Amino acid sequence: DTEVTQTPKHLVMGMTNKKSLKCEQHMGHRAMYWYKQKAKKPPELMFVYSYEKLSINESVPSRFSPECPNSSLLNLHLHALQPEDSALYLCASSDTGIDTQYFGPGTRLTVL
Amino acid sequence: QKEVEQNSGPLSVPEGAIASLNCTYSDRGSQSFFWYRQYSGKSPELIMFIYSNGDKEDGRFTAQLNKASQYVSLLIRDSQPSDSATYLCAVNAESGNTPLVFGKGTRLSVIA
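Read top to bottom, the protein sequences are chains L and C.
Add 8 to a position in the first sequence, counting from 1, and you land on the number used in this note's numbering.
Add 5 to a position in the second sequence, counting from 1, and you land on the number used in this note's numbering.
In short, the hints are calculated from the structure, not lab data.
This one's a predicted model, so the numbers in the text were calculated from it and none came from an experiment.
Among these hints, one or two may not hold up.
[Stated by the list, open to error] Here are the simulated DSBU-like cross-link-like pairs (lysine-lysine), alpha carbons at most 35 Å apart as the crow flies:
(1) L:K30 / L:K44
(2) L:K61 / C:K72
(3) C:K109 / C:K72
(4) C:K47 / L:K61
(5) L:K48 / C:K61
(6) C:K72 / C:K61
(7) L:K49 / C:K109
(8) C:K7 / L:K48
(9) C:K47 / C:K109
(10) L:K17 / L:K46
[What the hints assert, rightly or not] So the derived label-pair ranges between C-beta atoms look like this:
(11) C:S114 / L:N25: 31 to 41 Å
(12) L:P113 / C:E20: 24 to 34 Å
(13) C:P19 / L:K61: 16 to 26 Å
(14) L:P91 / C:S13: 18 to 28 Å
(15) L:G22 / C:E62: 29 to 39 Å
(16) C:A117 / L:K49: 26 to 36 Å
(17) C:I23 / L:N25: 43 to 53 Å
(18) L:N25 / C:D60: 43 to 53 Å
(19) C:I23 / L:A47: 23 to 33 Å
(20) L:H18 / C:G14: 21 to 31 Å
(21) C:S87 / L:E11: 13 to 23 Å
[Stated by the list, open to error] Here are some chain C residues the structure puts well away from chain L; computed CB gaps all over 10 Å:
(22) V18
(23) Q36
(24) F66
(25) Y76
(26) D83
Heads up, the beta-carbon is just placed ideally off N, CA and C, and yes, glycines get one too.
If we strip away everything but chain L, and leave its shape as in the complex, we get (with noise of 0.2 Å):
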């Protein structure tokens, strides 16, 4: 079973809303990913957190911050965000590093 789950599916927020979105996997890797996507662009990495370790891209804006409660599960809190943050969030998993990635469904945000 190579499920990643997400929610919410869709999300539409203000610039001043505070909202979290949820990512989990239950097949035992020891890595997981947020990616942003926008229309008719690549995944871009935002976030990695692999062997309980973060790592960042330090172009994503501090208005982004990630959570990794345990090892399935990975939360993306949204804070501030700017119209230009709409986009397709993808979450994605690998048993390490550097492995095969599954990503998730996405959460479509879309920011007001």
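Given the structure of chain L, go ahead and fit chain C onto it with the hints provided.
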């Protein structure tokens, strides 16, 4: 900077034909190569991965890798309209914070 290049397309083929998708990469130390299929508005779905030079076949799909030429391709035999999607080539960067480097994707259109 590690790069993965793909022709953006669209690549149009008639139903039943062979579709050939190509990808080149810049990092000679890359070890793992992946093809993902992405339908519009959906998340990437793993189609194939390949680690060794040569061909790897899975049903109608064949991945080909030539490390000397830094070239990886995906052949789709007996193309169907349901194969119409964007195909993303991804390369394992071997180490660091960005374990997968994605190409920009090739849009395939199979004409019935």
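Failing hints, ascending?
Hints 13, 15, 23 are the ones this structure does not satisfy, whereas the remaining hints hold.
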